[in-house]
Amino acid sequence: MSAGLWQQSWRRLRRNRPALAGASLLLLMIVLALLTPWIVPFGYEQQNLHLGATPPSPEHWLGTDVLGRDMLTRILYGGRLSLTVGFIATALALIIGVSYGAVAGYLGGVVDALMMRVVDILYALPIMIFIILLMVLFGRSLLLLFLAIGAVEWMTMARIVRAQVQSLRRQEFVEAAVAIGLPPGRIIAQHIIPNTLGPVIIYATLTIPSVMLLEAFLSFLGLGVQPPQSSWGLLISQGVETMEEYPWLLIYPGIALASTLLALNFLGDGLRDALDPKSAED
Amino acid sequence: MLRFILGRLLQAIPVLLVVITLTFFLVHSVPGGPFDADRAVSPAVMKALNSYYRLDLPILQQYLGYLGDLARGDLGPSFKYPGRGVGEMIAAGLPATAELGFYALMVALVIGLSSGVIAGLRPNSAQDYVPMGLAMIGICMPAFLLGPLLVLVFGIGLEWVPVSGWGGMPGDKVLPSLTLGAGYAAYIARLSRGGMLEVLSQDYMRTARAKGLAPWQVVIKHGLRGGLIPVVAFLGPAFAGLLTGSFVVETLFQIPGLGRFYVEAAFNRDYTMIMGSTILFAGAIIVFNLAADVLASLLDPRVHQQSGGGQ
Amino acid sequence: MLLQVSHLSTQFRSRLGTVTAVNNVSFSLDAGQTLAIVGESGSGKSVCCYSLLGLIPQPPGKITGGTALFQGRDLLAASESELRTIRGDDIAFIFQDPMTSLNPFLTIGEQLLEPLVRHRGISRSAARRRALEVLQEVGIEPRRFSHYPHQFSGGMRQRVMIAMALIVEPKLLIADEPTTALDVTVQAQILALITSLQRRYNIAVIFISHDLSVVANFADQILVMQHGSVVERGAVDDIFQRPQQAYTRQLLAAIPRGTKVVQTSTSREASAPLLQIRDLETHFKAPGAGLLGLLRPPAAPVKAVDGVSFTIERGDIVGLVGESGSGKSTLGRSLLRLLPVTAGTVHFEALELGALAPSALRAQRRHMQMIFQDPYASLNPRMTVAQTLAEPLLFHRLATRKDVDKRVYTLMGEVGLPRVSAGKYPHEFSGGQRQRIAIARAIASKPAFIVADEPVSALDVSIQAQILALLLDLVAAHGLTMLFISHDLSVVRKLCDRVMVMHRGKIVEQGLTEQIYGCPQAPYTQALLAAVPAAPL
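Line order of the protein sequences matches chains E, S and L.
Using the numbering used here, the first residue of the first sequence is number 469, and each one after it goes up by one.
Using the numbering used here, the first residue of the second sequence is number 27, and each one after it goes up by one.
Using the numbering used here, the first residue of the third sequence is number 3, and each one after it goes up by one.
No lab work stands behind these hints: they were computed from the structure.
Wrong hints could be hidden among the right ones.
[Claimed, not checked] Pair ranges (Cβ atoms, derived):
(1) S:Met195 <-> E:Val534: 26 to 34 angstroms
(2) S:Arg34 <-> L:Ala362: 29 to 37 angstroms
(3) L:His9 <-> S:Ala240: 27 to 35 angstroms
(4) S:Met195 <-> E:Ser567: 53 to 61 angstroms
(5) E:Ser567 <-> L:Ser361: 22 to 30 angstroms
(6) E:Arg585 <-> L:Gly44: 41 to 49 angstroms
(7) S:Gln153 <-> L:Asp475: 56 to 64 angstroms
(8) S:Val179 <-> L:Gly425: 57 to 65 angstroms
(9) L:Thr182 <-> E:Ile498: 50 to 58 angstroms
Note that the Cβ used here is the ideal one computed from N, Cα and C, for glycine as well.
Please work from the sequences and hints to get the whole structure.
See below:
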C-alpha cells in the first residue's frame with residue numbers, strides 16, 4: 469500500500485514540532501475539560517469568604533479569588549465552557565458554511581449568484597456591532613451566544629468552501645467523472661468532498677481560537693457568560709479589576725487562554741503546511 | 027476608476043439602510059424596553075421621548091420619522107442623561123477614539139509590515155522565526171489580556187508610563203495604542219510575510235534579477251506591491267476590529283472615547299445612545315471597507331484598468 | 003570566442019539527497035552565432051544557462067565545478083556584484099512565459115527603462131526616447147509605453163520581453179523556450195523577429211528548446227542534453243543528417259513526419275455516420291455581465307463555437323486543428339455535452355443528445371468518452387489507479403465487485419502499465435504514465451467514440467511518440483472513432499484520416515488530411531501551414 473495524500477500529510481504534520489506541541493497541549497486541555505467535574509478539588513461555587521483572595525498554596529494550587537473560591541476549580545470550569553463554546557459554535561459554522569458553500573460552488577449559475585449576494589450583503593453588515601447589540605438588548609443566554617458567534621463565522625467558511633468547490637469543478641478529473649456519466653450526488657461525494665476536506669479542516673481548526681476569543685471578548689465586556697458561571701474571558705475581566713493587589717487572579721486564567729489559543733494556532737498552521745497540495749511529492 | 031467607486035458607493039447605501047432599519051427595529055422590540063409605552067420613566071424623559079419619537083404613532087411612522095431625523099443629523103436625546111443629546115455625546119467622544127484608532131493603526135502597520143517583510147525575505151531562518159514567533163503570541167493575546175499585562179509591567183512595575191487617561195499626562199497614549207495595535211501588527215506581519223513569500227517565488231522577480239538590478243530594487247520596486255495586496259485587503263476587517271477593540275481598550279485605560287461611552291451606554295440602558303452609536307459605527311465601517319477596497323484595486327492594475335489596449 | 007563553457011556542473015540539494023542537474027557540460031559560442039540547446043524536461047538545459055549568471059537559487063543549488071569564460075572573464079568565479087553588471091547588459095535573457103515573467107504591477111515602459119537606467123546611467127527622459135525606438139523595432143506602437151502587461155496578448159508580451167533584452171544591445175542573448183507558450187503563427191513571427199534583430203546587431207544567441215524542428219532553420223550549432231549531460235554536439239546539418247548518438251536519433255525519430263499510413267484493408271460498408279453535428283453554437287456570457295450590467299452595458303457574449311456542422315464516420319480519426327482561442331476545446335466538450343450548448347444539434351448514432359433527459363444522457367455517456375490534455379489535473383489525486391479505473395466499470399455494470407480487479411489489470415495491460423502500479427496514486431507517476439491511466443479510463447466503458455483533447459501536448463517529445471502509437475493501436479484494436487484535437491499540425495498529419503481547421507469559432511476548411519496539407523484552400527489554413535517549422539528531412 470503506497471502513500472496516499474492523507475498519509476503524506478500526516479507524516480509532514482508529525483515532523484512539525486510546534487504543531488505537535490500544540491496538538492498535545494490541546495489534547496490535554498480537552499481531557500481536563502471533560503474530566504473536570506470529577507477531578508476538581510472544590511465545588512466551583514464553594515466560597516470561603518473568610519479566606520478572601522490568597523496566593524497559590526499547597527491547598528489551593530492556583531490560589532483563591534476575592535470570594536475565597538478555588539481558582540484551579542474556576543479555571544477548569546472556565547476552560548470547559550470556553551472550549552465547549554469554541555467547538556460547538558465552530559461545528560455550527562462548519563455545518564452551515566460547508567453545505568451552503570458546496571451547493572453554491574457546485575451548482576453555479578443563478579443559484580450561486582443569489583446565494584453569494586446574500587453572503588455579500590451579510591458580510592458588509594458590521595456583524596460584530598450587531599452581535600454586541602443583540603447581547604446588550606436581549607441578555608445573556610448561552611444559546612444566543614452560540615448562535616451569534618456561529619452567525620459570524622459561517623460566512624467565511626461558506627466562501628472558502630465555495631471557492632474550493634469552484635476550482636475543483638474546473639479540474640479535469642471532475643469533468644472526467646461527469647463524462648463517465650456519474651450523477652451529481654456521486655461526483656460530489658466521491659470527487660469533490662474528499663478534495664475539499666483539506667481547507668475545511670484547516671479553517672475549522674483556526675476558527676476555534678477565533679470563536680474562543682470572541683466569547684472571551686464578549687464575556688470580558690460583561691455581555692457573554694454571566695457569573696456564577698465562569699469562562700476564561702470572565703475570569704480575566706474579574707482579574708483585571710484587582711490586578712494590582714492580586715495579580716494571580718489575572719495571570720493564571722490569562723495563561724490558560726493564551727496557551728490554548730497558541731496551541732490551536734500552531735496546530736492550524738501546521739495543518740495548513742501539511743495539507744498544502746503544492747508540496748504533494750516527497 | 028470613478029465608475030468603480032460610484033458603483034461601490036451605490037452598493038453601500040442599501041447596506042446602510044439595512045443597518046439603520048435593523049437597529050431601529052431591534053431596539054424597539056426589546057421586551058420591556060424604553061419605547062414600551064407601559065414603562066415607567068421620569069416625566070422629563072417621557073416628554074422628550076414623546077416629542078422626538080412620536081411614541082403614540084404606529085411603529086412605521088416612528089421609523090420614517092427617525093429616518094428623517096437622521097437625514098437632518100439629529101440623533102435624539104440621550105435616554106440616560108435627558109439634558110444631553112446623543113449627537114453631542116458622540117461628538118465629545120469621537121476625537122479620542124479617532125486618535126487612538128489612528129495611533130493603533132500606525133503601530134500595526136509599521137511594526138507589522140517591517141517585521142513581515144523582513145521575515146519573508148529569509149524564510150526558515152532566525153530572521154523569520156523570531157518575528158513570526160512574536161506575531162503568533164500577538165495573535166493569541168487579546169487586547170484585554172495584553173493591556174493589563176503591559177500595565178502591570180510598564181505602568182505599575184517599572185512606572186515608565188501612566189496607566190490611564192488620554193492626553194492628560196505625557197506618555198499616556200503609549201500603552202493604549204500599543205495594546206490596541208499589537209494584535210493587528212501580528213496579523214499584518216503574518217499576512218505580509220505570506221505575501222512576500224508568494225511574490226518572491228514569482229517569475230517576474232527572476233526577470234528583474236536577470237536585468238541586473240540591485241537587490242533592494244528588486245525587492246522594493248518589484249516585490250512590495252504584490253506583497254502588500256493581502257495586507258490592504260485586510261485593512262477593511264482590521265478597521266472594524268480596531269473599532270470594536272477600542273471598547274475594551276478605552277474601558278481598561280479610562281479613555282473618554284466613543285468606545286467607552288458605548289459600553290457604558292450598554293450597561294446604563296441608554297437606548298438612544300446605543301442606537302445612534304451603532305449606526306455611526308456601522309457607517310464608518312462601511313465607508314472604511316470601501317476605501318480599503320478602492321486602495322486594493324488601485325494597487326493592482328489588472329483590476330482597475332479597463333483592458334482597453336487591445337492588440 | 004565570445005563564450006567558452008568548460009565542464010560546468012551544478013547540483014541541487016533536497017531532503018531526498020543531491021541531484022546533479024548539470025553534469026560536466028562544455029560548449030562554446032562565437033559572436034553572432036546561434037547555439038540551440040535541445041532537451042526534454044529535466045535535461046538541465048535551462049539550469050545550465052541560469053548557472054552562468056548566478057540566477058539559480060544558491061541555497062539549494064550549487065555550482066560545483068567548471069569555468070565559463072565570457073570575453074575572457076570567468077563568470078563562475080565572479081562575485082555577485084560583478085555578475086550584476088553583466089546581467090541585463092552584456093548578457094540578456096528572454097524567458098518562456100511572458101505573462102508571468104513581466105511584473106503585472108508596473109507598466110511595460112517602466113520595465114523597459116530599467117536596464118537602460120541601471121547599466122548606462124542615463125537620464126530617464128533619454129532612456130525613454132531609446133525605449134520608444136526599441137518598441138517600434140519590435141513592432142509595438144509607442145503609445146503603448148504606459149500600458150500594463152495584462153493589456154497585451156501573449157505574442158505582444160514576448161515582443162516586450164525581447165525589447166527589454168535588446169534595449170542595451172547585449173553581446174549574448176539567452177532565450178529560454180521563448181516560443182513554447184505561443185501559437186504557431188505567432189511563433190513564426192517571434193522567431194523571425196529574433197533572427198532579424200540578431201543579424202542586425204550581431205548578437206550571439208543561445209536558444210533553449212525542447213523542439214528540434216523549431217531550431218532547425220536558424221541555429222548554427224545544436225547541443226543535445228539528457229539528464230544533465232551533453233549527449234551530442236555539432237553543426238545543425240550534422241545533427242540532422244548524421245546523428246551519432248542513440249538518444250539524438252530517438253529525438254529526431256519522435257518528430258512527427260510524413261503522412262498517415264492508410265490501411266487499405268478497412269472494408270467499410272456504407273454505414274450511417276457515427277456523429278452528425280449541425281449548426282452547433284456554444285456561447286459564453288462575457289465577464290462582467292449580470293448585476294454589474296447596471297452600470298455599463300454588458301459586452302457581447304463570446305461565441306466560442308459559432309455555427310459548426312460536420313459528420314464523423316465510424317472508424318475515422320478526425321483531426322481538429324486550430325490555435326488558442328479558436329474554440330476547438332470548447333467544440334470537443336460541447337460534443338460530449340460537458341458544456342451547455344447554445345444552439346444546434348448533435349446526433350450520436352441517430353440519437354439527438356440535446357433531446358435526452360439528464361438520466362438518459364448519463365446512460366449514453368458510456369459510449370462517448372474523453373481524454374484530457376493535462377495529465378496532472380485529469381486524475382483524482384486521492385484515488386488510486388485501481389479505484390479510478392474501477393469507477394466506470396462498476397458504475398456501468400461492466401464488472402462486478404468480484405471480477406473488477408481482473409478487468410482493471412486487463413485494462414492496465416492494454417495501455418502498458420505494470421500491475422504493481424494498481425495501488426499507487428497519481429502523483430507517483432510521470433506525465434506520460436498518467437496519460438496512460440487517463441486513456442485506460444476512457445476505454446474502460448468500451449465507448450464507440452473518444453474525444454482526445456490535446457492528449458500529448460503536455461508531454462515530452464519522446465513520450466509523445468509512444469502515446470500516439472498507443473492511441474493508434476487502441477483505435478485499431480477496439481474499432482474506435484476518434485476526434486483528435488491539437489494545435490500541432492505535424493502530429494495531426496501523422497494520425498488523422500480527415501482534418502478540420504478551426505478559426506475563431508468556425509470551421510474554415512475540412513477534408514481529407516493530405517488534401518488539406520497538400521492544397522489548402524482557405525487563407526487561414528495556408529497561413530497556418532506556412533508557419534509550421536519544417537524539420538529538414
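Numbered hints the structure breaks, given as an ascending list = Failing hint: just 2.
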